[in-house]
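The whole structure should be built from the sequences, with the hints applied where relevant.
Residue numbers (our numbering), protein chains in the order written: chain E, 55 to 165; chain S, 380 to 490.
No lab work stands behind these hints: they were computed from the structure.
Glycine residues also receive a C-beta, built at the ideal position from the N, C-alpha and C atoms.
You may find that some hints are simply not true.
[To be verified] Derived list of chain S stretches under chain E, where covered just means 3 residues or more per stretch with a C-beta under 8 Å from a C-beta of chain E:
#1 422–429
#2 478–490
[Claimed, not checked] Quick partial rundown of chain S residues pointing at chain E, CB under 7 Å, derived from the structure:
#3 Ser465
#4 Leu469
#5 Gly473
[What the hints assert, rightly or not] Pair ranges (Cβ atoms, derived):
#6 S:Pro483 to E:Ala148: 23 to 31 Å
#7 E:Ser105 to S:Val394: 44 to 52 Å
#8 E:Asp70 to S:Pro397: 47 to 55 Å
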Amino acid sequence: GEDVEQSLFLSVREGDSSVINCTYTDSSSTYLYWYKQEPGAGLQLLTYIFSNMDMKQDQRLTVLLNKKDKHLSLRIADTQTGDSAIYFCAAPGAGSYQLTFGKGTKLSVIP
Amino acid sequence: SQTIHQWPATLVQPVGSPLSLECTVEGTSNPNLYWYRQAAGRGLQLLFYSVGIGQISSEVPQNLSASRPQDRQFILSSKKLLLSDSGFYLCAWGGNREQQFFGPGTRLTVL
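Okay, here's the thing in structure tokens:
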């Protein structure tokens with residue numbers, strides 16, 4: 055089945071760019087997703103990218119997809135303290151309409 | 380627009396007591412519905428999913444069960460809670476493609 059890997063922690067200074075990386079194993083993945091989880095809350099769908107795209111930009115968020123290396127990244131420009139959260143990468147799972155999530159990257163923003 | 384509700388938000392229960400967590404979705408019909416558990420290690424574990432009324436698929440053997448008595452209602456239950464059932468329980472509904480939208484979660488502590 056699908057396996058999704060992420061680094062667990064990232065620390066950046068306020069105003070810098072953050073880059074969160076993710077690798078996945080199933081090359082047939084159609085859409086890939088990024089979710090954000092703030093403390094004590096559910097997961098919020100941030101953005102997604104279709105597998106035939108290399109890049110998608112949405113305001114401060116840029117998603118890059120290297121399909122050959124099965125590598126996905128999320129770049130947050132001008133990182134703010136409000137961006138502190140856990141970010142999950144997700145790819146279609148083994149069954150229909152299922153997602154496999156990475157363990158999440160905890161982003162800490164230093165003022 | 381679609382909204383998803385979970386209750387209660389927080390629950391403290393003794394070992395051996397029963398459990399009932401409820402999830403309801405508004406603004407969509409015949410959604411796919413999901414129950415996840417998030418333990419302290421942050422990873423998301425898919426517990427159950429449902430593609431229609433009365434249709435429940437279990438992903439892992441456990442002390443829990445799920446039911447879908449109505450199109451937009453998903454219930455997670457247990458007859459006797461274990462200490463290991465403690466965690467953050469998330470309900471989600473599935474939209475187009477595989478993307479999922481999460482509720483606010485229920486924090487369950489079993490003592």
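Here's how the hints hold up against the structure:
| no. | hint | result |
| --- | --- | --- |
| 1 | 422–429 | holds (count 4) |
| 2 | 478–490 | holds (count 8) |
| 3 | Ser465 | 15 Å, violated |
| 4 | Leu469 | 6 Å, holds |
| 5 | Gly473 | 5 Å, holds |
| 6 | S:Pro483 to E:Ala148: 23 to 31 Å | 27 Å, holds |
| 7 | E:Ser105 to S:Val394: 44 to 52 Å | 46 Å, holds |
| 8 | E:Asp70 to S:Pro397: 47 to 55 Å | 49 Å, holds |
Hint 3 alone, counting from the list given before, is not met by this structure.
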